[in-house]
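Chemist: Here is what each chain is made of, one letter per residue.
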Amino acid sequence: MTRHHKSIETRHYEERASFFGDLERLSNMSRRGFLEIAGLSAGIAAAKGLVTPVGFQLIDMAQAAESNRPGFSFAYISDAHLYKKELNDRFVRSILKAVDDVNALDPQPDFVLFGGDLAQLGQKEELDLGAQILKSVKAPVKMMVGEHDWFLDMGEHWRGLFGAPQYSFDHKGVHFVTLMSVNEKDFWTAHGMTPAQRMQTVAGLDNGTQSRFEVGPEGREWLKNDLAKLDKATPVVVFSHSPLYKYYKNWNFWTDDADEVQAILSRFDTLTVIHGHTHQMLTNRIGNIHFHGLLSTAWPWPYAPTGLPSLTVQMNRADPFNAFDGCGDGQVSVLMSGMVDKLYNLWNRDPVTIKASYLSSYGFKDRPPAAKLASY
Amino acid sequence: MSAPAWSLVLIAATLSCSSLAFGADDAPRHVLPASPDGDLVVGLCDGETSVVAKGIKPGDAMTPEQGQRIADALMGEWRRKHPEAAWDKMIQVAEADAVGQAKNAGKDAGPAAVAPFQAQTYGAFDARDEAIWKASTQQLIDEGDRIFHDAKALGGTVAISCDMCHPNASNTHPETYPKYQVQIGRVALLRDMINWCIENPVRGKPFADDDPRLKALEAYIISQRKGVALDYGKH
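Protein chains in written order, with this note's numbering: chain A, 5 to 380; chain B, 2 to 236.
There could be a bad hint or two in this list.
[To be verified] List of simulated lysine-lysine pairs, BS3-like, C-alpha gap at most 27 Å:
(1) B:Lys235 / A:Lys376
(2) B:Lys216 / B:Lys135
(3) A:Lys376 / B:Lys180
(4) A:Lys88 / B:Lys206
[Unchecked claim] Computed, partial: chain A to chain B, Cβ under 8 Å:
(5) Leu91
(6) Trp303
(7) Phe325
Hints are computed from structural coordinates only; laboratory data are not their basis.
Cβ coordinates follow ideal geometry from the N, Cα and C atoms, glycine included.
If we strip away everything but chain A, and leave its shape as in the complex, we get (with noise of 0.2 Å):
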């Protein structure tokens, strides 16, 4: 292979970027210099009797569109459930895809978020080998953990890596904070499990022995504690690897304390929650808190056979017979407003991008295309 030779999602990408480009220099024209041209435009259609001027609807769209701009972006990376590399290369290459797919984006994105679930069983090596890999991402990484990474030793090697599980930080007008949302009550002591033995428990969907993730009262209080001194017009993403909602019980699509969670969340006016661990397409909103789903580049998971959020458009199932299929990464592009757009880089397949508008309007507008493979 030439070093010239470039794979379709480098030129997907390249496609995309100039359309943003064009997107950009189309919107740097001032608001003012746009409201002349639409106040101008709606003079000339009103003296031709056309329309009625209504200018407050004008000031309206010009403040949309301002509000829709493009701030900035930062790309995505998630649950690659790495064993070591003696034992499974798939998983590896996956990961690989990914790290080649976001150093490829031009311009780069701001961070990388890496959403948890690096390592398979907890493993020093699995965990290692994950380090090493998102080393060579361009862009500056963001770690959460997942419960893959985290059961084995209770996060004490993921911790001596990559710090403290939950913390915050600001990013051109935007408070982010990661939180640590898969904790469980110990339902390991009761039946005398080995640490591999919990860790094989919790890394496995549909047992009903495990307790379910949540985020618990310390964490809780934590974060009443960080988001105390914003502003209610502060625009927030929360990254957390379990939706922070109840999805489906039995597979732990689910944080117990959501209810909670969410009631600290509320008082903002533009609170995103971005999530790991579902594998899939998953969008909900509840009241002001628009969550979306992360892709895995491990493996596609089925949708739960119940308590799927209306909003969510599903993707197709995928194709057993190609090991890519279903499986990806993706980007968030943060708009002015602070609400975001999120973009779903599946390989193999269209790439499919979830508005804010969609979720604004719960789901009237900029509705992406439908599942032509649902599930059943």
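Dock chain B against chain A, hints included.
Modeler: This is chain B only, laid out in the frame that chain A set:
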């Protein structure tokens, strides 16, 4: 509703005889005591009772009458051991009813009381039988459940098990087989897709058609779709 204690004891005893309910070779055998005179010994289906056919040697030709006598002796022995057993209660009800109908024939007495079920020896199953069958079916399903969740039991080489992508066997759609699988290039049965997934994501060797592990996997996968209408050919 819980089964009576005696039925539980029996189920446990039955299951402990065979480690896997489906392995024909593992089925329990009725070991017959030898007769001191070298006479023929015949065992009853309960696996415990037997009688000696006095004066008849193994291999002797027997008349139907001799055969009937042996059968009667076996049943007599079984009845003695189980005085409370209602072996042919249903048949008796049915017979009594038929007699009643014959008596009433001609009198305009309206329809005679009808027995709740048709009765015959085949199908004269009681709750204990059904509990045993249910338990052994469940045992096969549970074995499939275990294999489905265990990369080693699947013969996998990359630590991947089925449940990683199919929790509760979701998205396996057993009710849609047989169907054409484009990628395999032919009409596939459920087992063909199971084997395909064993070879590919799991990276193991496909199971032979009579492999007990394949049977168990099928049992588990089908059990998870109970109640879903059969719809062969669906994609």
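Chemist: Of the hints given before, which are not true for this structure?
Modeler: none
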